[in-house]
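The sequence shown begins at 57 in the working numbering and counts up one residue at a time.
Just to be clear, a hint being listed does not mean it is correct.
[To be verified] Here are the computed lysine-lysine pairs in the DSS-like style, where the Cα-Cα straight-line distance is at most 30 Å:
id: 1; residue 1: Lys-382; residue 2: Lys-903
id: 2; residue 1: Lys-190; residue 2: Lys-337
id: 3; residue 1: Lys-407; residue 2: Lys-73
[Unchecked claim] Just the calculated beta-carbon pair ranges, DEER-fashion:
id: 4; residue 1: Asp-85; residue 2: Asp-506; range: 26 to 32 Å
id: 5; residue 1: Gly-454; residue 2: His-568; range: 56 to 62 Å
id: 6; residue 1: Thr-928; residue 2: Ala-852; range: 53 to 59 Å
id: 7; residue 1: Leu-101; residue 2: Ala-354; range: 42 to 48 Å
id: 8; residue 1: Gly-978; residue 2: Ala-875; range: 16 to 22 Å
id: 9; residue 1: Glu-526; residue 2: His-568; range: 16 to 22 Å
id: 10; residue 1: Pro-954; residue 2: Glu-526; range: 50 to 56 Å
id: 11; residue 1: Asp-206; residue 2: Pro-375; range: 16 to 22 Å
id: 12; residue 1: His-568; residue 2: Gly-895; range: 54 to 60 Å
No lab work stands behind these hints, which were simulated from the structure alone. Beta carbons: idealized from backbone N, C-alpha and C, even for Gly.
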Amino acid sequence: MTAPTPPFRDPRLPFAKRVDDLTSRLTLDEKTAFLHQFAPAVERLGIAAFRTGQEALHGVAWMGPATVFPQAVGLGATWNEDLVRRVGEAVSREARAMRARDERVGLNVWSPTVNLLRHPLWGRNEEGYSEDPKLTSAIATAYTRGLRGDDPAYWRTAPVLKHWLAHNNETARDTSSSSVRPRVLHEYDLRAFRETVEAGAVAGVMPAYNLVNGRPNHLSPHLGRHLRTWTEEDLLVCSDAGAPSNLVDSEHYFDTHEEATAAALRAGVDSFTDHGTDSSKIVARVRGALAQGLLTEADVDAAVRRQLSVRFRLGEFDPEHDPYAKESHFDTPEHRALAREAAEQAVVLLKNDGVLPLAPGTRVAVVGLLADECKLDWYSGTLLHRSTPLEGLYERFGADRVSFAEGVDRVRLRTADGTFLHVLPSDDVPDGARGAEGALDPALLAGRTDLPPLTTDATGTELALIDWGEGVLTLRAPDGRYLSVAEDGYVRASADQPGGWVVQETFRLEPHENGHLLRHTGTGRPVQVAADGVKVAADDADAEVFGLTVAERGEDAVRRVASAADVVVVIAGNDPHINGRETEDRTTLRLPGQQERLLRAARAANPATVLALASAYPYAVDAGTLPAVLWTAHGGQAAGTALARVLAGDVSPAGRLPQTWYADDADLPDLLDYDVIGGRQTYLYFEGTPLFPFGHGLSYASFGYADLAAEVGDQTVSVSFTVTNTGEVAADEVAQLYVRAEAPAVPRPRRELLAHRRFTLAPGASTRVAFEVPLSALAFWDVAHGRWRLEPGPYALLVGASSEDVRLSTTLTLDGEPAAPRPVGERGLEAADFDEQSGTQIVDRTKTAGDAVTPAAGATGQLLYRSCDFGTGVTRTTLSVAGTGTVEMALDGGAWTPALSPSAPSAGPYDYTELDGAFTAGGVHDLRIRLRGSLRLAHVGFSG
């Protein structure tokens, strides 16, 4: 007789029942093994091995050639949900097609990144969509819907959102804590995640490396309190790489890995990405935690069920019913066209005095360090096709109308004995782009050792020197290969591009005696000339002292071609692997000095100089002297063609800035200041004058706005208006709707995006744009009562082409919920629920939940709580505190009470004691609290 089909194999049953059945059949050891990223097969049940995690931020990454779309920030700049959905669909189709021939390709994709681009110096700015939570969630929802597919039961891929939560710094990213007040948490950081998850195409999230309010994100109580309440789907929480070990090793949050692993699992982490493919350490830690009573089998079961839920949705157990099982779309003509369309739509025209579009027959000089580059980033796939700005302009205008100067400094490096560094020929060695073969962890890809090391001779080799800023430079041989250092320590011209987790192609020239040390940044060691070749030295004592012989300055080459052209296009920007990337924040908004010199040289030689920035983040540039400025993120495989078509006017630009471009470094808050409200950050609160505002972007057409109508319904506000193309070319416009509370009782945004729409209009054509905005979108988080509240009063609705280019406005008066004082006489105060603060930071009340407030290092902390209702009167206060220091209190602008302090230091930061003191108040008052020392204040109670 044939054995009956187990329920988990029965496609007629709901997934939940099948998951329960399979979980019940697994042994505890088998379930424990599932908790690592690389879950092993269970052969007795016919269960295959499974890997969580496949990078797919703007194309399938790390696994070899694939279609490469614009960086995520570029997709955000399109402001086009339909386009981004189609990009997500193409990426997921290629993931399926690639998996069919390489089972290492995963379907649990770790994309998109929904961290808000709060600070433009964040090294990973390229990975996010926008500084605005509404725009971010709109673009992320579109991408996840494309990744998921439209089958009601089965998913083409299973997207995981990164990185939970409040993560915008690479500096000390695994030990720094983001101090996030409740209003910022709910109105800003949680919001992008929430609206994307609620849209129904998200399979999970990945916690970030950092801490929030003193607690590691891998222990975040918000995973259970908020995330898992936003959807009925099981959400899989995958740790970031190495983060579980960080709980002990770098954060020192726990003494043992068993405690840390148990705490993370109980907090909601389901899959542990740690120690690469070696699952033994995580498995041992889970077993140890079970043996010590820190975990139960039910805790393990909960995590396993969530993983299995994703696997069932991906069709793993129903290949005959999976509609995506035979997906074969890969590098199709449609995908190539979509890559170009996305790159075109991502271009933002920042300024244009009429020089663009370029007239037919224009003689164009293309100059700059990125003019003949198609740059990739850490989360890119390997290029199948490649288009640089120079190639795009050659194709569009003809090689006879286009001249080129890269603008590199051409140098030779002279040794102390008078010889020069020499690159030996390597014509017989096959080419190979880094990562072309694919790798589960490209950080482990080794440099090439099949090429000869550099040597020296009497004439040497002329090298192209590029200074990427802050003294970090690359050196390139005449054959196009970059000098690089492999594991054996030798210097070779071996890399097709700078790259890798630790970049091995960057150096510094450090003044030393009568010359320079050439220091390799990847190893930190200087270069020496040895008998067997050029290599890095053990220490400075063995270093070679080089002289620098300059054959040509880049500015001279730029001047030559610029002076002979009708128009100069300067392509400037960044290399995504250098000075601003994962693990490294930027230090300034300025362009690197070499690129500023090239721009000045071009402008001096030819006033008709266009600046085209190709970068992963904003710059502060002097746009006033330039007739035109454009920006595009690194645009993927079709970047050059797209830019050329925009410059030529084949496509009218309609990208819009997804974040504020600040005019100066002085406009920026501290990188670790996460209080966007108190710090007046992003377009929502910034009160200065930006270089270019959020939502800004020009067109080759012009548009008129008219006939604004707005009506308040029971649950929504209906807004409509007419947009007309008053220009002479067909073009896209991006209509934007903002709101501003006109008489708020608490600080509210200067304006806040409610809705937007991108559409195409022919010359003279009009369209009626209509939005239905839920009234809940106008609410704010009321810290006095711990909930959302729509404040009554006037609200301005602002319609226009950017956050500052407002064309139409009207004011509506809404019937909201009136403010009510804090019932502190009844409930007391949670310390973190302040209205305003200075000199404080929020920390963890316990290791599992709750917040407390403490003075920032060396500061006196001030807290303000408005409209506190003490009822008929109180006479005493009780403060829950830990640590050492003092607390003082005052009503309104009155005198401070005598300081209260613990009689002895607490045993630890989580050992709270209660301070009791006299405090007399009645009725409604503002309450001020002053903190000194290292005291943690968690709660303030009143009685009497």
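Do the hints match the structure? See the list:
{"no.": "1", "hint": "Lys-382 / Lys-903", "in the structure": "47 Å, violated"}
{"no.": "2", "hint": "Lys-190 / Lys-337", "in the structure": "41 Å, violated"}
{"no.": "3", "hint": "Lys-407 / Lys-73", "in the structure": "59 Å, violated"}
{"no.": "4", "hint": "Asp-85 / Asp-506: 26 to 32 Å", "in the structure": "44 Å, violated"}
{"no.": "5", "hint": "Gly-454 / His-568: 56 to 62 Å", "in the structure": "49 Å, violated"}
{"no.": "6", "hint": "Thr-928 / Ala-852: 53 to 59 Å", "in the structure": "41 Å, violated"}
{"no.": "7", "hint": "Leu-101 / Ala-354: 42 to 48 Å", "in the structure": "21 Å, violated"}
{"no.": "8", "hint": "Gly-978 / Ala-875: 16 to 22 Å", "in the structure": "20 Å, holds"}
{"no.": "9", "hint": "Glu-526 / His-568: 16 to 22 Å", "in the structure": "18 Å, holds"}
{"no.": "10", "hint": "Pro-954 / Glu-526: 50 to 56 Å", "in the structure": "52 Å, holds"}
{"no.": "11", "hint": "Asp-206 / Pro-375: 16 to 22 Å", "in the structure": "19 Å, holds"}
{"no.": "12", "hint": "His-568 / Gly-895: 54 to 60 Å", "in the structure": "44 Å, violated"}
The structure does not agree with the numbered hints 1, 2, 3, 4, 5, 6, 7 and 12 stated previously, though it agrees with the rest.
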